[in-house]
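If you read the protein sequences in the order shown, they are chains A and C.
Using the working numbering, read the first sequence as starting at 154 and increasing by one per residue.
Using the working numbering, read the second sequence as starting at 665 and increasing by one per residue.
Derived by calculation from the structure, the hints in this document are not laboratory data.
Heads up, a few of these hints could be off.
Unchecked claim - Here are the computed lysine to any residue pairs in the SDA-like style, where the Cα-Cα straight-line distance is at most 25 Å: (1) A:K277 to C:L683; (2) A:K277 to C:I681; (3) A:K288 to C:K1034; (4) C:K1035 to A:H165; (5) C:K902 to A:I211; (6) A:K258 to C:K902; (7) A:K282 to C:V894; (8) C:K891 to A:L242; (9) A:K258 to A:E240; (10) A:K288 to C:W885; (11) C:K891 to A:R226; (12) C:K891 to A:E240; (13) A:K281 to C:K1034; (14) A:K288 to C:I887; (15) A:K257 to C:A892; (16) A:K253 to C:A892; (17) A:K224 to C:I903; (18) A:K258 to C:N912; (19) C:K1034 to A:G209; (20) C:K902 to A:H165.
To be verified - If we take Cβ atoms under 7 Å as the criterion, some of the chain C residues that face chain A in the derived model are: (21) M665; (22) Y670; (23) T671; (24) K678; (25) E889; (26) I893; (27) V894; (28) V896; (29) R897; (30) P899; (31) F900; (32) M901; (33) K902; (34) I903.
What the hints assert, rightly or not - Stretch by stretch, here's where chain C covers chain A in the computed footprint (C-beta under 8 Å, at least three residues): (35) 254-265; (36) 304-316.
Glycine included, every Cβ here is placed at the ideal spot set by N, Cα and C.
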Amino acid sequence: MLKVEELTKRFHKKTILSDLSFNIDHGEIVGLVGENGAGKSTLLQILATTMKPTSGDILLDDLNYQRDKAKIRKEIGFVPQDIAVWEQLTVEENMVFFEKLSWKKKSNVQLKEICQDMKLDRWKDPVKKLSGGMKRKLNLAISLIHDPSLLLLDEPTVGIDLKSRKEIGAYLRKQATDYNKTIIYTSHDMDEIKELCDRVITIGEDSFYKNLLQEADKEVISF
Amino acid sequence: MKEIIYTRFLLLKKQWISLSCWIVLPILIAIGFLSTAETVQDDFNVPVGIVLEEESESALALWQEINESSLVDASKFSEREAVRKLEQHELDSVFIIRQGYEETLQSGNRRNLLGSYYSDRSFAYTPVKEMIVSIIQQTTGRIKAANTVINLEMKLSSEQDWSIEEIIAKSKEIQNNEDLLNNQFRFHGESDLSNNSGLQWNPWIVWAFATMLITIFIFDWVIKERKAIVAVRFPFMKISFPAYMLINVSIYIIILLSIDLSTVVIFYSIYQETINLFSLVSYRIMVCLFAFLFVNIIRNAYFSYIAAILWVLVLIVISGAVLPIGGFDKLGSWINHFNPLYRFLIGEWTVGWLAFCLGGIAIWYVREGKKYA
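Using the sequences provided together with the hints, build the complete structure.
Here it is as structure tokens:
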């Protein structure tokens, strides 16, 4: 379980996040929405351990974010908004490259399976020849090489076609259901959030997102 | 370590052609520069024809002395052939050492010793003529001095019995010892060369400058990979980004050192030039670490190329390779401390700059470690 207690983040005198508290269970997909500048990316970076909170506690199962940072990082799969892959390498070479630097050893067959599971089958093709949707899938596949228990995705489907978006959504649902992974997902696409997420966290004073989500049968946590 | 080597070669195999070209470029620059310099030097020698009407010892000595000049290429011809070559502008001018040259010289007479031909394209005629005349004046001066000494000896009934040859030999010895212009050139740990034969270009000197420049160019991968979006993945990997970068620098050092060892073989086989291996290894490591710090400070690939060119131009100037500032010994020791090539150019270990670069790397590692903590 991911447990966030009274989390606050200030930049100089400006408070970006104020007293956030929530729990997320294993196997749950939680959406994170809010207008630009509301603090979604800041929260995601704090949960990814790449930014320190001003105050508050975060626990991932028995691991404390302040004390056990190195262990927690092994459990995190971070999918950045920008496509963080080597364009000049093939899909296979990208997977092998990041596997070599990963905490867990995987064979080429296992790496190929990860890609095939999300319908990324152009194994030998250079990334620069792939479509935006394929690149997004690879971006996600690389983050899953070390079998993380907490998956943090920063707008992973931005700018791609509906088919690829559905395929990525289906894959994430399978990861949550079959492999009990905790998934936090930011997006501006409310249809996608409504369809995919079990619960939604809204950040910011604007009630626009809260009103949109009222129609859906989703639990909404607002800050 | 093994994994990082594998990942580096995954990236390098996509650019092996361009990398190979960059790696061998310092060797090609050194060979190209030296062969060009040799050709240019040959082209600047003035072709002069010498006609010997008599082949006496003095006449041959004069021809030999003219030939020893680094600016003149004097060849022996018959008068007819020399004039034909002058007409075809293959020779700048022709000088004839007349029959009776030695006898006239011994008598102390300086007139009508030489004849000459020149054309309207004999641009170097006057300076060459002046040079030959000065050689003859020096010789006649010596003979006159020797005759004076012998006459004095006879007048004063000295017990000394000097021959004219002994006196001339002694005067030459004194001239050499008391030479007013005496520059010392020294290259790459060789013993002092006290003659004034000019700058002898060494392939390792050219290589050292080219290597400094090309290594900075090769290290543009640091800028590209620092800026690459994949850097955001490193907090979740088993190796930190600074450690990944430093291990990659080590891989580059090993690759470049292996090429440097080939360079040793190539330069030895072409120029018979040897080098102190410790000097070479310490220089190579220093250059790689320096290039790494250099591109980390500049942080922009194109600015780093321009800055690298300017930096190497400064090094060429302060090393005394272009301006005639009298070599390293006369530069003053203070400026040599700022020259990362100085120790290598004199054939010693690059200790100071290597320590400086290692210090810089340590500071960089701590700072980057905090950034990615």
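Problem set entry | Hint numbers contradicted by this structure | Result: hints 3, 13, 20, 21, 25, 36 break, sorted rising.
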